[in-house]
Structure formats: C-alpha cells, structure tokens
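For reference, the chains in residue letters:
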Amino acid sequence: MSSRLRAWLLATPATLLVLVFLVLPVLATLATTFGDPKGPFAPYAAFFTSKFRMAVLWRTMEVAVTTTLISLVVGFATAWVVARAPRRIKSIMIIAAVFPLLTGVVVRSFAWLVILGKNGILNDALLRIGAISEPLSMLYTQGAVVVAMVYLFVPLMVLTLVGVLEAIPQDLTEAAASLGATPSATFRQVILPMAVPGLIVGAVLVFTGSFTSYATPQLLGGERQMMMGTFLYQRAMVMFDWVGASTIAAVMVVVTLATVLAMSHLARRLNPVAG
Amino acid sequence: MRPRTHPLLLAFAGLVFVFLLGPLVIILGAALSDTSFLTFPPRGLTLHWFANVFQVEAFKRTMLTSFLLAIGGTALSMTIGIPAAYALARYRIVLPRALANLFVLPILIPEIVMGFSLMKSLAIGWGMPIVASLLIGHALLVLPYCVRVVGASLNAFDFSIEEAAVSLGCPRWRAFFIVVLPNVKPGIIAGFILAFITSLNDVSVSIFLTGPGVSTLPIQLLAHMEQFFDPTIASVSVLLMFVTVAVMAVVERTLGLTFLTK
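Residue numbers (this note's numbering), protein chains in the order written: chain A, 2 to 276; chain B, 1007 to 1268.
Bound conformation, chain A alone (with noise of 0.2 Å):
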C-alpha cells in the first residue's frame, strides 16, 4: 500500500465526519438565508434595515469589543506577573487561571446571578454597611453581560499571555538593558512588540467568543440585553422563524471569520520575528 492511500485511509472518517455532518449543514444554513421567494437577498435587506436587528448586532459588537479590551489589560498585566512568578508561585497561578477555564460557562455565569441578583450578595453587602438604602439592579443590564464575560474571558487571555511571554528570549531584554535602554523604552520597543501577535491571538480568542456567546447573554442579560446568540436561539426555537434565524447564523460566521482573517493577516504583519 502506498503511504499516500494509507494516509487518505487513516484521515478519511474524521475528513468525512466534518464534511457531512459540519460543512454541509452550516452550508444548507447559509444557502437557506438565500432561498427566499421574496429575492435572494431579502433576508439580509430585512436584517439590515430593521432597527431592532441592528440593535442587537451593535450591541454584541460593544460587549465583545469591550470584553475584549477589558480582557487585554487585565490579562496583559496578570501574565506579565505570572511569567515572571518564581516556579512554585507560577504553578499555583496557572492552576487558579486554569481552574476556572475548566469550569463551565453555566456555572460561572451563575456565580454572577448569584453576586449581581435583586437578593445577590452584592446588594446584601451595600445594603449592610449602609452604602445604599435599596437594592440596585444590576442584572439584565449590559455592565452585568460584561463584567461576567471579562470574567469568563479572562483566564483564557492570561493563559495565552504566559506562554508569550516565556517565549520572549531574557536575553533580548538584558540586552537592551545593557545598551542603555530604560526599563520602559525597553518595554515599548523590545518586550510589547514581540507580544504583539500573543495579544492578537488572545483578542481573537476574546472576540469571537464573547460575540456568539450564548449562556452569559442568556443569563445574565436576559430579553432586554439581547445579543445575537440568544437572538439565534429565540429567532429558531421561539418563534420558528429559520430564514431568520439562518440570516443570523450567517451574520455572526462572517463577522467571525472576517475577525480571524483580518487579525491573522495583522500578526504576520506586525511581527517583528518574521518581518
């Protein structure tokens, strides 16, 4: 037998597995959007001029943006003490990021109904030393989305993070340091520029997955924060509208995909090993 037939042998069932039963149902998903007997491009005019629809494709745009950010500085910083932890400190550190990475979305965003809630330990605690005399409501508002997305997000940014910033050679800073740089020239022009694709991973990661989030935005932001996931699922499962919700469904692979393109094609440019 030839090493090519043995090879397409032992790929063929996982190939096959994920051409029929992922490419080929996302592509009748996509191909549904432009079945309409009203034009093939109906669906989307209606997406794109309903004022509703908008709202809630900017408003998932503005969480996963701000998450996003959030996720970059807090991340940014923790890894930077992370790497820099002697050996017995770093280990309990990445076991305190891991922990939560591995605990499911459920029960994290259900921590926050727990903190943020009308009765929540948060309200109990104000209310205790008398910092507020009724208990605010926090959920269902986009801060809440957000603060429980960041959380969500982040030990997947510090994670990422370390193992940038371990790669980054001591020597490239000792280096610099010994030419004369300030610490902070070195950090802007020998240490940020070598993270620089490590940070573009780790957004891409953030964006894209607080954009189709669906148990956080369900949870915690319920009807009035309607982002597109739960729209997704509202559009298919509530009101049986699947043009609808296919449109959605194509919306949110384009801006994932054209995410992870565009910031693909920004890493190979900026940086500074390969270039």
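Incorrect hints may appear among the rest.
Taking CB as the label site, the calculated pair distances span [stated by the list, open to error]:
(1) A:L70 - B:V1110: 37 to 47 Å
(2) B:G1133 - A:M238: 52 to 62 Å
(3) B:S1173 - A:M62: 52 to 62 Å
(4) A:S185 - B:W1179: 36 to 46 Å
(5) A:A29 - B:G1217: 30 to 40 Å
(6) B:I1136 - A:Y141: 53 to 63 Å
(7) A:L193 - B:D1164: 32 to 42 Å
(8) B:F1165 - A:E175: 47 to 57 Å
(9) B:F1025 - A:R225: 21 to 31 Å
(10) A:M238 - B:A1170: 50 to 60 Å
(11) A:M238 - B:E1063: 15 to 25 Å
(12) B:F1043 - A:A29: 26 to 36 Å
(13) B:I1167 - A:L123: 50 to 60 Å
(14) B:I1130 - A:K39: 20 to 30 Å
These aren't lab readings, by the way, just hints derived from the structure by calculation.
Every value quoted in this text rests on a predicted model; they were computed, and no experiment measured them.
From the three backbone atoms N, C-alpha and C, an ideal C-beta is built for every residue, glycine too.
Chain A is already provided as a structure; the job is to place chain B on it using the hints.
Here is chain B on its own, set in the frame of chain A:
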C-alpha cells in the same frame, strides 16, 4: 537577574486572582448554607442541598446523560481523530495542508451556529434520533482537542522507532498499537480528559439538540435557574467543580498544566 516586578502590579494581579476565584468560593459557600435561599457567607452549614441534588429526578437523569454523552462523544471522536492525527504527523507531505485546518473547523465556526445547523440538518432534515445527533454534535465539538492534543504528542514522537519495528517484521497495524500508541499515551489521556470536560460543559450545541425526554446537565441547570433560585443549583455547581479538579489532576499528571499555556 530578573528585575523586580512593580508592587502595584503585584497587587493588581492579586486582585485579579481574587476576582477569578471569589465567585467560585461564593458558590461553594452558598451550597453549604442551611438557608433555603442563596446566601454568602453561609449561615449554618449543611450538606442537605447536596443530598437534594440526588432527589431531583431531572438532575439525576441529566447527570447520567451528560456523563455518558461526554464519554461516548469523546470516545467516538478519539477513534477517528487519532488515526487522522497520526496521518497528519506521519505523512505530512502527502496530505494537503488544508486538512489540518479542516479538523479545527469546529472551533472556528460559532458553536451556536453549529448547534442550529445540526438541529436543522441532522435532527429535522435527516430525522436522526436525539441521542444520535447529540453524540455526533459532541464528537464534532471535541474533535479539535483530540486531533490537536494527540497531534502535539505525535509530532514529538520519533517515527524511526516505528520503522524499526516494521523492518524487524512487525505488521504495520500491530506496530501502531504496540509502539506508537504507548508512546503518545500522555497526549491521548490529556486530550481525552480535555475533550470530556468540554463536552460535559457544553451549552451552545446541546441547547438545540436536546429534546423531549433527553437533556444534558448544563441545559437542565439553565432551565432550573430561570425558575428556581435555591442552593441545589449551587450544589450541582460544586459537584461540577469537583470534576474540574479531577480533570486538572489528570492533565497535570500527563502533559502538565503548563501545556495549556502553549
């Protein structure tokens, strides 16, 4: 000599870790409280709510479903993912480059879109039973973990050892089982356990594929949370956290947790 990290930065990182772990500690406390509502710090300690988990029929049933689904979906995915990972590592030159990307497609396509499309095609279009479409959905969901984590181990494997076995007269398929597989066992175990936890926690794919009579634990939890607000949910969450701890212990013993930073 490493320059010292600024104390303010250290304090900030400390706060971040409080932010990361605090909410989970709160759930643990709420699960132990002997009040009938969720509160923290717990007032009086009880294990009553843990016992209650096993009295709610819906939790018992979906727990079993989720567990079996995670094992079954991951096993299915491994069975077809390991040969694919092997082919990619061993015959890199003869296979098209795009193939490796095909296997990570389930990560690239939004999960919720995947769930919706699978429901439309598999469950409704092709009339597959709920359990079968759930199994396929979960196998797809975890395929990238199977192929990538096992692939990382295979890329570090020296295939000349396998060639040595073959040239000494060992049949190829047998060499695969007695030479290659034992050498990548850590990757397989770690990949399996990461895939397992991903499947166990999945919401976005399952929410579309569960149906009358068949649900998974996260979906049941989600439904329960929208109606009730008692410490039973906190107890289920704590049980799930125990699973996370077990998963972390296995990953640490196989590839090491630092594998997750790569």
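Exercise for the section: Evaluate the given range 53 to 63 Å for the C-beta pair formed by I1136 (chain B) and Y141 (chain A). Expected result: For Y141 (chain A) against I1136 (chain B), whose Cβ atoms are near 32 Å apart, the range 53 to 63 Å is violated.
Handout entry: M238 (chain A) versus E1063 (chain B) beta-carbon gap, inside 15 to 25 Å or not
Key = holds (24 Å)
Exercise for the section: Using the Cβ atoms, figure out if A29 (chain A) sits within 30 to 40 Å of G1217 (chain B). Expected result: violated (20 Å)
Problem - Outcome of range test on Cβ distance (I1130 (chain B), K39 (chain A); 20 to 30 Å) - result: Because 23 Å falls inside the window, the suggested range holds.
Problem - Range agreement (Cβ of M62 (chain A) with Cβ of S1173 (chain B), hint 52 to 62 Å) - result: Cβ of S1173 (chain B) to Cβ of M62 (chain A): about 59 Å, so the range 52 to 62 Å holds.
Exercise for the section: Starting from the hint 47 to 57 Å, judge whether the C-beta atoms of F1165 (chain B) and E175 (chain A) obey it. Expected result: violated (39 Å)
Problem - L70 (chain A) versus V1110 (chain B) beta-carbon gap, inside 37 to 47 Å or not - result: Violated, since L70 (chain A) and V1110 (chain B) (Cβ atoms, about 26 Å apart) do not stay within the stated range.
Problem - 36 to 46 Å as the expected CB spacing between W1179 (chain B) and S185 (chain A), which holds or is violated - result: Violated, since S185 (chain A) and W1179 (chain B) (Cβ atoms, about 60 Å apart) do not stay within the stated range.
Practice task
Using the beta carbons of F1043 (chain B) and A29 (chain A), state whether their distance is inside 26 to 36 Å or not.
Solution key: violated (46 Å)
Problem - Cβ separation of F1025 (chain B) and R225 (chain A), checked against the hinted range 21 to 31 Å - result: 25 Å Cβ-Cβ, so the 21 to 31 Å window holds.
Practice task
Hint says 50 to 60 Å; check whether the CB-CB distance for I1167 (chain B) and L123 (chain A) agrees.
Solution key: holds (58 Å)
Exercise for the section: Take a look at whether the Cβ-Cβ distance between M238 (chain A) and A1170 (chain B) falls inside 50 to 60 Å. Expected result: holds (56 Å)
The structure fails hints 1, 2, 4, 5, 6, 8 and 12 (numbered hints given earlier, in ascending order).
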